[in-house]
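Peer 1: Residue-level listing of the chains:
Number of protein chains: 2
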Amino acid sequence: MIHNFNAGPSILPRQVFEQASQAIVDFNNTGLSILEIGHRTPLFQAVLDEARALIKELMHLDNDHEVLFLHGGATTQFFQVPMNLLDEDAKAAYLDCGVWGSKPIKEAALFGTVEVVASSKDKNYSYIPKHFQIPEDAAYFHYTTNNTIEGTQMHAIPDTRIPLVADMSSDILSRNMDFNRFALIYAGAQKNIGAAGVNMVVVNKNILGKVKRRMPSMMDYRKHIENGSMLNTPPVFAIYVCMLTLRWLKEQGGVTAIEKINDQKAALLYDTLDRIPLFRPTVEKADRSKMNVVFVMDNPDQEKAFLDLCKKEGMIGVKGHRSVGGFRVSLYNALPLSSVQILVEVMQHFALKHA
Amino acid sequence: MIHNFNAGPSILPRQVFEQASQAIVDFNNTGLSILEIGHRTPLFQAVLDEARALIKELMHLDNDHEVLFLHGGATTQFFQVPMNLLDEDAKAAYLDCGVWGSKPIKEAALFGTVEVVASSKDKNYSYIPKHFQIPEDAAYFHYTTNNTIEGTQMHAIPDTRIPLVADMSSDILSRNMDFNRFALIYAGAQKNIGAAGVNMVVVNKNILGKVKRRMPSMMDYRKHIENGSMLNTPPVFAIYVCMLTLRWLKEQGGVTAIEKINDQKAALLYDTLDRIPLFRPTVEKADRSKMNVVFVMDNPDQEKAFLDLCKKEGMIGVKGHRSVGGFRVSLYNALPLSSVQILVEVMQHFALKHA
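Chain order of the listed sequences is L and B.
For the first sequence, this note's numbering gives the first residue as 1283, with consecutive numbering after it.
For the second sequence, this note's numbering gives the first residue as 1283, with consecutive numbering after it.
Chain L extracted, bound-state conformation (with noise of 0.2 Å):
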């Protein structure tokens, strides 16, 4: 038995993986793979319609925010959002709380004038900062609802009437969250929402046409909201593979329900470190990611012994971050509660040895 812990990408739905192979050699009783057919055809117009449908829906989105599914990561729309929403001679303000965090500020820098509200580079990113004011003359805010790397995530959405644009990579679907209050949300596909190869956009229209800048065809939203998010040839199958897990998703209840489980998930395992003085989570409380744990050993001695123990008990994906070092376990929509359980019987059992 594997336990993925992996942070990206990491664990799918195992109904996923069997529909996906299945559909890999016959699509939908076809005799033909999903590789091979053409994206203008009804076959796949039908996958990416009830992709775009299931987002709507499981994220309770009103007629302005449209959904897009886009080639490339998340790095893509770290360069594509301020092409689209920062005109040279404006400012956007970014919120600096990981690195992830910290690199659309890089390349936004490129388009207009980028002012950092505030950065927790302070203390290696370990607490998200508050208290910040956002400027009322800025184009947009953009913030990272949940760091991968370090382990923090913002739990409330920032009280400001200036456009929010959001990397939601690493939470997105896993919480319920007011969506529509966002000008922009945009997330790499291989957390939540599928496998690597796809980037998932939800904006808001109205957001759009406002730069003055010309810009490349695939760069445009606009463009791609008019042809029905198929501008050019899509990544059909990871389009295919995020349709599944949405629908894996919608069968387990949608967001609420799937928040309950993660909300199980993360307090479990969160009221283990607390408890065992051996671990210690590197992130203030409040911010703790209820979808990856970092922690490291008070001994980091004990780090190595405790690495392999989890490998033998079959899980992958625990060592840390270099940037932080010890461990980070991702807790994901389909990590089911029975890894978690494990993981931490694993850890009780470590600290009675070592203790």
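A couple of the hints might just be wrong.
Which copy? The list can't say, so a pair holds if one copy fits it or any two copies do.
As the list claims (entries may be wrong) - Straight-line distance between alpha carbons at most 20 Å, and here's what the computed SDA-like set of lysine to any residue pairs gives: (1) 1385 with 1501; (2) 1505 with 1630; (3) 1385 with 1605; (4) 1532 with 1458; (5) 1586 with 1602; (6) 1594 with 1295; (7) 1601 with 1322; (8) 1388 with 1501; (9) 1385 with 1507; (10) 1492 with 1392; (11) 1494 with 1394; (12) 1494 with 1391; (13) 1567 with 1507; (14) 1494 with 1392; (15) 1388 with 1406; (16) 1373 with 1496; (17) 1505 with 1342.
To be clear, the hints were calculated from the coordinates, so they are not data collected in a lab.
Could you slot chain B onto chain L? The hints should help.
Peer 2: For chain B alone, coordinates are given in the frame of chain L:
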């Protein structure tokens, strides 16, 4: 029995479908799906390394030429190429020889001056312009080696001393060429390389770093080279399918061997078209594509009946593109000769009945 003549996404070798399907439930006996493995693991690194090495081997590339697998399709390259190679005060030369050849011209004009050296738009792109002059002061000359929609193909490499850039999306790896003569080659994978959702780029590294423009990280070929084609999370599964397809091509004997079969397939079909008066190829004989064969019927009223017959015989992807009408039959590497033989039989039967 299905015969898949799709223009792309299109047929891939049966063994690729079977291996890809298996890897989604259990990749290399790891117990893990290829969709849930980390991209920075030795597991995926081996896939990426093999895919890049196979391209170098199959195309006989020298050490100046780097192989990248990038997000997006050829449409992304339409602007990424000029962004990297064309300064604002410089000029690039483009050949306008098809619907897909005209699109990159529009995108390049956003970055510098574009000189269109010749166009075949006057005759609905049914031929390849000849005897054009490529200005010696251009930063590069761009052309499309094979025009998927119109069914034309440039059979020789243009004779010029300026850097050559080519969109080879629809005939890459189908025939031998001196690929080292190109400064940059790009191709959407979904025809001869693999499945939709990844772009293959071959670039002579000496041509890079010459423009003054600052560009987004994701658009800078140099950053992708520095990072071994893994600047961000790559489209893992799409690259895996490329690797499997390239392995298959090598097993067939490489490009030289597949070119012989491609020649046979094209000769058989064009000979039949030339022999049966009912059918008429739309393209000038010298410029016929061996990948996409476009033809109409002298009596357009018969087209529906022929299309219905093809459908009855299990043939898909035979209908022509809306801009040309009639029929388009794509003969990519993975299409077996037997499919063309059966198509030819169907044409002969139809001709006997309707002559």
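Peer 1: Since the copies are identical, ignore which copy is meant and state whether residue 1385 and residue 1507 lie within 20 Å (CA to CA) inside a copy, between copies, both or neither.
Peer 2: So residue 1385 and residue 1507 pass the 20 Å test across copies only (19 Å; inside, 26 Å).
Peer 1: Have a look at residue 1388 and residue 1406 and pick one of within, between, both or neither, based on CA distance no larger than 20 Å.
Peer 2: within (18 Å within a copy, 45 Å between copies)
Peer 1: Measure nothing new, just compare the shortest in-copy and cross-copy C-alpha distances for residue 1373 and residue 1496 to 20 Å and report within, between, both or neither.
Peer 2: both (18 Å within a copy, 19 Å between copies)
Peer 1: Classify it for me, residue 1492 with residue 1392: is the Cα-Cα distance of at most 20 Å met within a copy, between copies, both or neither?
Peer 2: both (18 Å within a copy, 18 Å between copies)
Peer 1: 20 Å Cα cut-off: does residue 1494 pair with residue 1394 within a copy, between copies, both or neither?
Peer 2: Classified as both; 12 Å inside a copy, 18 Å across copies.
Peer 1: Could you figure out if residue 1601 and residue 1322 sit no more than 20 Å apart (CA to CA) within one copy, between two copies, both or neither?
Peer 2: between (43 Å within a copy, 13 Å between copies)
Peer 1: How would you classify residue 1532 and residue 1458 at a CA-CA limit of 20 Å: within, between, both, or neither?
Peer 2: within (14 Å within a copy, 50 Å between copies)
Peer 1: Could you figure out if residue 1385 and residue 1605 sit no more than 20 Å apart (CA to CA) within one copy, between two copies, both or neither?
Peer 2: within (15 Å within a copy, 43 Å between copies)
Peer 1: Could you place residue 1505 and residue 1630 in one of the four classes (within, between, both, neither) given a Cα distance threshold of 20 Å?
Peer 2: Close neither inside one copy (54 Å) nor across copies (44 Å); limit 20 Å.
Peer 1: When no copy is named, should residue 1505 and residue 1342 be tagged within, between, both, or neither for a Cα gap of at most 20 Å?
Peer 2: Neither way: residue 1505 and residue 1342 sit 24 Å apart in one copy and 39 Å across, limit 20 Å.
Peer 1: Indicate which option fits the pair residue 1594, residue 1295 if close means a Cα-Cα distance not exceeding 20 Å: within, between, both or neither.
Peer 2: neither (23 Å within a copy, 38 Å between copies)
Peer 1: Could you place residue 1586 and residue 1602 in one of the four classes (within, between, both, neither) given a Cα distance threshold of 20 Å?
Peer 2: Result: close within a single copy only, 12 Å intra versus 62 Å inter.
The structure is inconsistent with the numbered hints 2, 6, 13, 17, although it conforms to all the rest.
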